[in-house]
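> Sequence:
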Amino acid sequence: REHYGWLDSEFRGWDRGPRILMIHHHILAVPGTGRDVNNLRDAGDVMAILRELKVDMVLSGHRHVPYVWSISGVRIVHSGTVSTMRVRGTMPPSYNVIEIDEDSVNITLHQPGKGEEGKEPLASFSRTPVTTSEFYPDFERFVLYDRLPFLK
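Counting the sequence shown from 1 gives a position; this note's numbering is that position plus 702.
Hints are computed from structural coordinates only; laboratory data are not their basis. Keep in mind that the hints are not guaranteed to be accurate.
[Claimed, not checked] The calculated label-pair distances, taken between Cβ atoms and stated as ranges, are:
1) S711 x E819: 40 to 50 Å
2) V739 x E819: 31 to 41 Å
3) A731 x Y706: 17 to 27 Å
4) G715 x T830: 14 to 24 Å
5) S772 x R743: 14 to 24 Å
6) V739 x W771: 17 to 27 Å
7) E804 x W771: 16 to 26 Å
8) H705 x S772: 21 to 31 Å
Glycine is no exception: its CB is placed at the ideal position from the N, C-alpha and C atoms.
Model the full structure from these sequences, guided by the hints.
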């Protein structure tokens, strides 16, 4: 919670390119990684803030498993790990290459030492923000505290 104001000061009004937040730990549990106690305790509030601030992508990699998903318009991009064999299941060491142009984002998974054979498309999406998601049911009906005081 002590970093909410910092997020606001960094991202509100940002107009010099994509809004990308890089963090070590993941905001939400990563599918395929088993039980998780390392995601953010206030993940729901953080996701609401990132959505409000129109953050394009959150990059993280703590779980060493590549995974990409979109939640309320915020793209969550997890990477594998290139420097250790401490990975889950059969996932080999890997890293993501993210290419951003004017209209789209393309993410390719790379396995070190495998050349072209070790490249695999992981995600591709438009840079146009997703605007269809809304809080449902109406958030204010059920939350009685001042949820995002700095966003006023």
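> Are S711 and E819 spaced within 40 to 50 Å by their CB atoms?
45 Å, holds
> Starting from the range 14 to 24 Å, see whether the pair S772 and R743 falls in it by beta-carbon distance.
Holds - the Cβ-Cβ distance for S772 and R743, about 23 Å, lies within 14 to 24 Å.
> Can you tell me whether the CB distance of H705 to S772 sits inside 21 to 31 Å?
Holds: the Cβ-Cβ distance is about 23 Å, inside 21 to 31 Å.
> In this structure, is the beta-carbon distance linking E804 and W771 contained in 16 to 26 Å?
Given about 23 Å between the Cβ atoms, the range holds.
> Lying within 14 to 24 Å: is that true of the beta-carbon distance G715 to T830?
19 Å, holds
> Does the beta carbon distance between V739 and W771 stay inside 17 to 27 Å, or does it fall outside?
20 Å, holds
> Between V739 and E819, is the Cβ distance one that fits in 31 to 41 Å?
Roughly 36 Å apart at Cβ, these two residues keep to the hinted range, so it holds.
> Quick check on a hinted range of 17 to 27 Å for A731 and Y706, using CB atoms only.
Given a distance of about 21 Å, which is inside 17 to 27 Å, the answer is holds.
Consistency note: the structure conflicts with none of the earlier hints.
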